[in-house]
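> Let the sequences and hints guide you as you build the complete structure.
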Amino acid sequence: MTCEEVRIALGAHALGALEPEEALEVDHHLATCEACGAELLELEGVSSFLGKVSERDVQLVASPPRQVLDRLLNDRAKRTRRGRVLMAVASSAAVLVVGGTVWTAIQTSGSESGSSAQAPAAASSQQADAPAQDYDSYDSAEQAQPLRTVPDARKAEPSQSPTPASPRQLKTANGREFDGENEATDFYAKVLVWPSDSGTELGVQVRRIPVGETCNLVVVGVDGRRETADTWVISREDYRDKSLFRSQTTMTLREIDRFEILDRAGKTLVEVDVKKGN
Amino acid sequence: MSAAGTADEELVKTLFDEHAGPLYGYVLRLTGDSGKAEDVVQETLLRAWRHPDALSGKPIRAWLFTVARNLVVDQHRARKARPPEIGDEALAVLPADDELERAVESWAVAEALAALRPEHREVLQEVYYRGRSVKEASATLGIPPGTVKSRTYYALRALKLALEERGLAP
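Read top to bottom, the protein sequences are chains A and B. For the record, in the first sequence the residue sitting at position 229 is 229 according to the numbering used here, with numbers rising by one throughout. For the record, in the second sequence the residue sitting at position 78 is 78 according to the numbering used here, with numbers rising by one throughout.
One thing to keep in mind: the hints can contain errors.
Unchecked claim - List of simulated lysine-lysine pairs, DSSO-like, C-alpha gap at most 27 Å:
1) K52/A / K135/B
2) K36/B / K52/A
3) K190/A / K160/B
Claimed, not checked - Just some of the chain B residues that point at chain A, by a computed CB distance under 8 Å:
4) A20
5) G21
6) P22
7) A114
8) V127
9) S133
10) Y153
No wet-lab data here; the hints were simulated from the structure. Every residue gets a Cβ at the ideal spot worked out from N, C-alpha and C, and that includes glycine.
Here is the structure:
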């Protein structure tokens, strides 16, 4: 047999399909031909892969269900829309977690992927640290609630940044809580305050003020200064989620006399006295 | 449709063309139910489409198989509507992580075989999978024995190339 004749038979030989006489002839040639021997080894290497799959496997792979592609193309359009909605929610939501009397706010920045995953981690480490500190106690049922801030709340650095530095800063902060009630209307507000580099950070929670009402938070100083901190509209979700409206003022706690929550017309909805309750 | 929409559609089609076959084969083996397998393949490819960044720089096939496997496990648990029990038979047959690698490999082999020209695939089916001799295959396929031999040879050479393309060089 010539090399050429042998070569063409080597595939069948590697799979053990040659008739016995021909197989013998090929083996005889291989005993003296190194090149053909190398070729056989190579083909045997390839054929060893055949045992990893069945005929049925090959059929399955060759015929993926085309209807899945159609469904994918339909689904894709739908999910694109839903994805956008979710993205919009994520970019406006901020998470605030309370641990002990220390308030830690972690602002999720919607454009930055993975920020929502960072937030719980940062928050839980903060919660773990907090009990060591001796602070006034807050309602423990509400401490466990993740609170949402108003989307347009002003940035309250540094506590909104989930960097390792901020928990330490906050740990030394003396968080305080004040509340007030409008006896005539039964409207209630609670204001949480803690010092920041630029003044005081605020968290406001209201009750019984009607959904849809516009609230203007005004900080009134002991010297009579009035500073409008923030405006927001109360939504049903705010009550359900026990949202905390985040804000800040340039006044220090010492300088603050009271907080006023006014409606759009400037009428007082509820007043929270700081000096009286301090 | 917008340019971005068309690009999206192309990406979905590409994902499907390149991976749906092996993925479907793999999932069908896990679920034993073609309808469920289709759902899992659909969801897996959709996730790949939605997270292209999760795929960049990673072996995409292993990622897809992992997602699909997890979906099968989740589906199974959800269907049971009760806490999974230790020694659960159906969960026990699901592959462990090291088996995942083997699954990825063997489905890539199936894919390489499926990519061969029909006459090459056919001759390997006869000679290897059905254990026929050259003479028998010649009768079954209605081609001369010399053609069975040469086709077998070229089929294995082509398979070697197809395996190499998939990072499975023998």
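> Hint by hint, note whether the structure agrees.
How the hints compare with the structure:
For the hint linking K52/A to K135/B, the alpha-carbon distance of about 26 Å falls within 27 Å, and the restraint holds. Distance check on the hinted pair: K36/B and K52/A sit about 25 Å apart at the alpha-carbon level, within 27 Å; holds. About 74 Å separates the Cα atoms of K190/A and K160/B, which puts this hinted pair outside 27 Å; it is violated. Taking 8 Å as the C-beta cut-off, the interface hint given for A20/B holds, the closest approach to chain A being about 4 Å.
Because the closest C-beta pair between G21/B and chain A is about 4 Å apart, less than 8 Å, the hint holds. For P22/B, the shortest C-beta to C-beta distance to chain A is roughly 5 Å, which falls under 8 Å, so the interface hint holds. Evaluation of the A114/B hint against chain A yields a held restraint, the C-beta minimum of about 4 Å falling below 8 Å. At its closest, the beta carbon of V127/B sits 5 Å from a beta carbon of chain A; the interface hint therefore holds under the 8 Å criterion.
The interface hint given for S133/B is met, as the beta carbon of that residue sits about 5 Å from the closest beta carbon of chain A, less than 8 Å. Here the hint on Y153/B is kept, as its CB sits about 3 Å from the closest CB of chain A, short of 8 Å.
The structure fails hint 3 only (numbered hints given earlier).
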